[in-house]
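> Each chain is listed here by its residues.
Number of protein chains: 6
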Amino acid sequence: MYFEDFSKYICAYSDFEDADFAIFGIPYDATTSYKPGTRFGPDEIRKASWGLETYSPVLKKDLTDIALCDLYNIIIEGAQDEIIRRSYRASKNIMKKGKVPIMMGGEHSITYPVVKAVKDTYEDFILIQFDAHCDLRDEYLGNKYSHASVIRRCFDLTNNIYQFGIRSGDKEEWEFGMENTKISTDLPKKDDIKEIKSLDKPVYITIDIDVLDPAYAPGTGTPEPCGFSTKELITSLYLFEELKDNIVGFDVVEVSPHYDINDITSIAAAKIIRELMLTIS
Amino acid sequence: MYFEDFSKYICAYSDFEDADFAIFGIPYDATTSYKPGTRFGPDEIRKASWGLETYSPVLKKDLTDIALCDLYNIIIEGAQDEIIRRSYRASKNIMKKGKVPIMMGGEHSITYPVVKAVKDTYEDFILIQFDAHCDLRDEYLGNKYSHASVIRRCFDLTNNIYQFGIRSGDKEEWEFGMENTKISTDLPKKDDIKEIKSLDKPVYITIDIDVLDPAYAPGTGTPEPCGFSTKELITSLYLFEELKDNIVGFDVVEVSPHYDINDITSIAAAKIIRELMLTIS
Amino acid sequence: MYFEDFSKYICAYSDFEDADFAIFGIPYDATTSYKPGTRFGPDEIRKASWGLETYSPVLKKDLTDIALCDLYNIIIEGAQDEIIRRSYRASKNIMKKGKVPIMMGGEHSITYPVVKAVKDTYEDFILIQFDAHCDLRDEYLGNKYSHASVIRRCFDLTNNIYQFGIRSGDKEEWEFGMENTKISTDLPKKDDIKEIKSLDKPVYITIDIDVLDPAYAPGTGTPEPCGFSTKELITSLYLFEELKDNIVGFDVVEVSPHYDINDITSIAAAKIIRELMLTIS
Amino acid sequence: MYFEDFSKYICAYSDFEDADFAIFGIPYDATTSYKPGTRFGPDEIRKASWGLETYSPVLKKDLTDIALCDLYNIIIEGAQDEIIRRSYRASKNIMKKGKVPIMMGGEHSITYPVVKAVKDTYEDFILIQFDAHCDLRDEYLGNKYSHASVIRRCFDLTNNIYQFGIRSGDKEEWEFGMENTKISTDLPKKDDIKEIKSLDKPVYITIDIDVLDPAYAPGTGTPEPCGFSTKELITSLYLFEELKDNIVGFDVVEVSPHYDINDITSIAAAKIIRELMLTIS
Amino acid sequence: MYFEDFSKYICAYSDFEDADFAIFGIPYDATTSYKPGTRFGPDEIRKASWGLETYSPVLKKDLTDIALCDLYNIIIEGAQDEIIRRSYRASKNIMKKGKVPIMMGGEHSITYPVVKAVKDTYEDFILIQFDAHCDLRDEYLGNKYSHASVIRRCFDLTNNIYQFGIRSGDKEEWEFGMENTKISTDLPKKDDIKEIKSLDKPVYITIDIDVLDPAYAPGTGTPEPCGFSTKELITSLYLFEELKDNIVGFDVVEVSPHYDINDITSIAAAKIIRELMLTIS
Amino acid sequence: MYFEDFSKYICAYSDFEDADFAIFGIPYDATTSYKPGTRFGPDEIRKASWGLETYSPVLKKDLTDIALCDLYNIIIEGAQDEIIRRSYRASKNIMKKGKVPIMMGGEHSITYPVVKAVKDTYEDFILIQFDAHCDLRDEYLGNKYSHASVIRRCFDLTNNIYQFGIRSGDKEEWEFGMENTKISTDLPKKDDIKEIKSLDKPVYITIDIDVLDPAYAPGTGTPEPCGFSTKELITSLYLFEELKDNIVGFDVVEVSPHYDINDITSIAAAKIIRELMLTIS
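Protein chains in written order, with UniProt numbering: chain A, 1 to 281; chain B, 1 to 281; chain C, 1 to 281; chain D, 1 to 281; chain E, 1 to 281; chain F, 1 to 281.
Just chain A, with the same shape it has in the complex (with noise of 0.2 Å):
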């Protein structure tokens, strides 16, 4: 009556039952390797969302007509395999109620468990990947789950992997990457998605906001040149609209608010995930 609560992602009105949506944070950095701090980035993102609307004037939806439940950020106790476990059995337990988890991270090594819940939930599935680096190590500083081994993992779990705005990885990673993944220095294009489309599995789709060039988001652990805008980012998601049917989750990851100015990187990640909750709508 007098209060209200700014807590949540905007308009996560709904109860976790009624949801069609399940957005939530996994706040884990523990092995970044460079500057840590992207455990920030779900509360800021949530935070950032109340700057936007709710409203799409490009795919003319509106976020008040979908039913979205916020459950704020796992718990972070315990060793990465602990975090990992709880991670894996939250995002398990959303998709076996039918719903879509959206995630955001925290690093790119929290991606695996959401993605290992996939791969339980629906066995056979396509992973896509934004991201300046490859993520394609088998080990990394020793951590075979480190932010850098990421991908490695989930291939663990897939080798459908589309990988899409790479620009960074040593020697060793580009190798395998070549030989293993559909691996691309682009954005995709209508033609990717089509070729997706024809596989005709569910798909996960995993977004480190690094893809992005450090000019459109600064506030990122390991900011690479040469990226993308998010004009650009945004636009090619928009393409996911053929695919709205296969996607069974997102993740947006590597959002680090201390390094931000002005939450524009915050910002721009709470864009991308209004955009492309509805686009998947």
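Some hints could be false.
[As the list claims (entries may be wrong)] Computed, partial: chain C to chain F, Cβ under 8 Å:
(1) ASP62
(2) ALA215
(3) TYR216
Source of the hints: derived by calculation from the structure; they are not laboratory data. The structure presented is a predicted model; accordingly, all values stated were derived computationally and were not measured. Even glycine gets a Cβ: it sits at the ideal position worked out from N, Cα and C.
Once you have looked at the hints, place chains B, C, D, E and F on chain A.
Chains B, C, D, E and F alone, transformed into the frame defined by chain A:
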């Protein structure tokens, strides 16, 4: 089971009905003449509270033993008088139910509706102010309810006003204060508390964070040099244990997070709230 | 002889009487719903102008050949309606004397009094808006003269409104715009200019700096992703040479220096002003 | 009528001819060895002064009762010796007309031309320095007129030098100071003032803002831990009332705004100037 | 001949073999629960040391008279236990050769391997801690070797622990401390030193920079209000001259440069190291 | 064995004698007229290089296959002419030994001594400049060797100058450029490279980071809107493969880290260096 929610003040686990203390924010700063931004104060104080422990080693008391609820923030919509009215009603509602309101600002002007609710609940009362500035202008830039006039407006409600830590104001304000309030450039001493105790009336405390020196609280709208350290302020607050049966509410205002460094001002505010709450519990 | 004064916009060496262009600021931001701070815009744009040259290599024109005066800022005292009135009178005074006002904001709401002065000076006129947001709400948070309603208020004065670069608004605003204004998600093209030229009326241009992408203008209150580069904007402004006899004034608003990095938003604003002033001179 | 100008130090409403005090800046920092940026000091101190009141509750005096003019900044053009010459002439011109110069730096090296003007105006004089550093090197990085040599250069002009608050310097500087100046790690006490008074000579005061602890003045080029609070410094300045007939000028230097947080260093400098000006008026 | 190298701590010109003191960093922060970033501490403390003089006017000693080497940073690769092992071996190697290790953190957890090396080199020893927090949890978020458990782990190695400046901890930690360590909310006094001296054992000192108040050391992970000034801390360190034959090593940890303003925390750490090194040399 | 050293540019593992490329910094910025701070550029570019991979997926080359040494920074002591002399000698020494110097600034003026060393080593040569500004003033603020005159001074050494990306300068500079250099507002195209190739002379390249748009390189002294993206710049640099036998050295200057956000300017500079080094290797 998998998720956790850090969006409230630490340990604010009670429902409103069960609570003895009800914390809430008034994120309003539209009359601010210099640097606006205190509207972001309440949420940052909440966030900062999670970096503290729940236990006070000085008081040997623990927040876990207190029934505290967090009502989130007053709805900020409409003109200033409408927000004043809403804040007044919310505050009165809390006090009518016998609970102690703890208000987080926001600019200092929003202390007025809470104090008016004190007046209308308890009739005769004492106002204790910690501040760098007199805030005794009859009007400021044409507004009788501006942050610079708030104590003058409170003087319309009670002439029992104690002003501590004051070190800035124009000539007229100082003359008004000398004549009409107990104005001091220093923090309260034992004798002050004894004097207040002897009046035996309900007491409301308003703490403008700029009573602290800018070194200790840079994140505020009009930092004024030559203030106090956080330790000096909190030590003086411990004296209020003597008044714990009299205190019917308090606020901490003028925290402006975007002008802060590493949230030290928000953390100071969160600790002031914890220690004062434990002192009077 | 020994001293120099950099407190005005670069090259603003004329007296008011001799000037063809009169630049001034309206440092007002009290209706801002999200991040206030545009009140600091005018002074930072002035300061930033000194990092530019006076010469435009594209236009091959020099500010030294222009008679420009800088009147400093509108007095900010009193309630919003009083500030609106003062801004209106100052603007009308400038135009009555046959000079071109160049206004620096401040939040977008303060475009209204300037446009009203255009109305009362020239009667029939065209309004051209560059913005990320429609600003077509009939009222916002209970205020009919808020920044989010400014173009709607201007619509009360003229129904010749061209909106360029718009990419955010609620559903009702978009529907209103579709029906009542020329609303475009793109920047103006030659054909747009030709169409406007054919109407043969006085033209006022208002530029909300957030028409730029947040990468190019992070220092603003509500940054909206997917905008334009400074080069794209300025290139489109060069097209207005064709309208130079029609343009009776312009403004650049919503620069919020405390949210900026290395003043790049203020510098962009200062260059937009220089290039548009040289274009129409 | 409609406009206001905040580009000067608060209350500097007098013309040069009528003024008793003439404030001006020397925005020069090219010999700075560590972190440059004090060239932005004078303008930020001016801006910060508007966040203060004109009235000092301690001194019970008001700036409105003082005839102060602000001459803006010395022209920074040409090599160091040319800027020194220009600063010298401007300072001498002020003093020859019987006015008190108040100089805002800029790096400490620019105290030299002002002190030389004191010498050439008053011949015999006393120099009082507040600083964290000795500044007694005979030369620094090959420059005899660097910020680290300024007091040594002043020693060429007078051997009546009092150094207060000093806590850093190399071994040679300390030995030189021990032998040739009154060097103290502490702030002045009543006895120091009495001793200075007894010499009955013109007095010039130079205050390097880094005499304050970095907590109180982070915005400076070479912050040195273990300094004083602003209150301690200003309290010691009040003692100079006794010397008010002797003081012929003063400066505050080494404020570096881009390294500051929420302008607290500029505000401290602005208050130091206000209080010292009121003390000696 | 033409080039200079500032990448080491100032005056660290000795080879390892010739050195009496060996400074090194452990840039590890992966167990940090709140704000990570202390991994950047060691390099920033080194950089900050170049803004100091080599001479201490209080101690009248000069770093140029000390044989100091800088070994750069421990290799951060592998899981936490591997980094612990590597840090342990490096520390032991330094002590076995009769040198005094000076470790720069990094989060507080990395004090453990150094203290274990003290244990294995000297057997019986005293640990002296300066800190805002008890760090006495038996485990934290499931980790027995976290930053919040480090002193508890050290207690497994010695029951001669002195804790100074402590002002935060949960109830269990305080009870544990009361029973098992010498825990004090204050800094050490002469009597404390005398008592420690009387035990006549090797002494290791660990200084968590957050023992300072956040005003003096904002750049740290969990700033806790009501702490000490840098001058108070360093003054208490001078007392350790009495123990100079006992001290076998020390560390300064928890400096987090990305949360700092103008490096004042790194500079404080660099000065603490200089003064303590000179005190015991 | 236990320690690692990240203080050099990534992969700079060679000794000077064995190196083909010698990287070094000139941390000088004392003639800077606007915002100083490029003296911190070289060390931040080094640090930023460690966030990149050593492998270029575009060029399919790896830094690990290149013999690179890092000589640290030129000694900054003495007046400007002394520093110029030292930089000149160091550069010439590198080239005389048949190595390619890679210089990191520092302000643009320090390109002059390197170019003079090119002149004295190779006699006839071509200078290629990437910049937002002409830098063709005959003198600036009374200094013939200022950053704003550097290309004019180079013109004294060669009249084969190509200027790319230029978008700012005063009228005289543009006229001088039109007459005497190949000045272009655009980046080089294939035809430009062909033309340069046809001259068959040694080539030196100087890259002022402000050729990039401020969105991509905010961390610089005089950001000029309407520039290029990092991808556009680097793509144009790939064209220089054709000239790889001609290129005898290059520099990247004007990176000013304290005005940057999350080091994105330093990272861009580090990548420009990596890609250009790999292009010509």
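> Find the hints from earlier in the document that the structure breaks and name them by number, from lowest to highest.
Every hint satisfied by this model.
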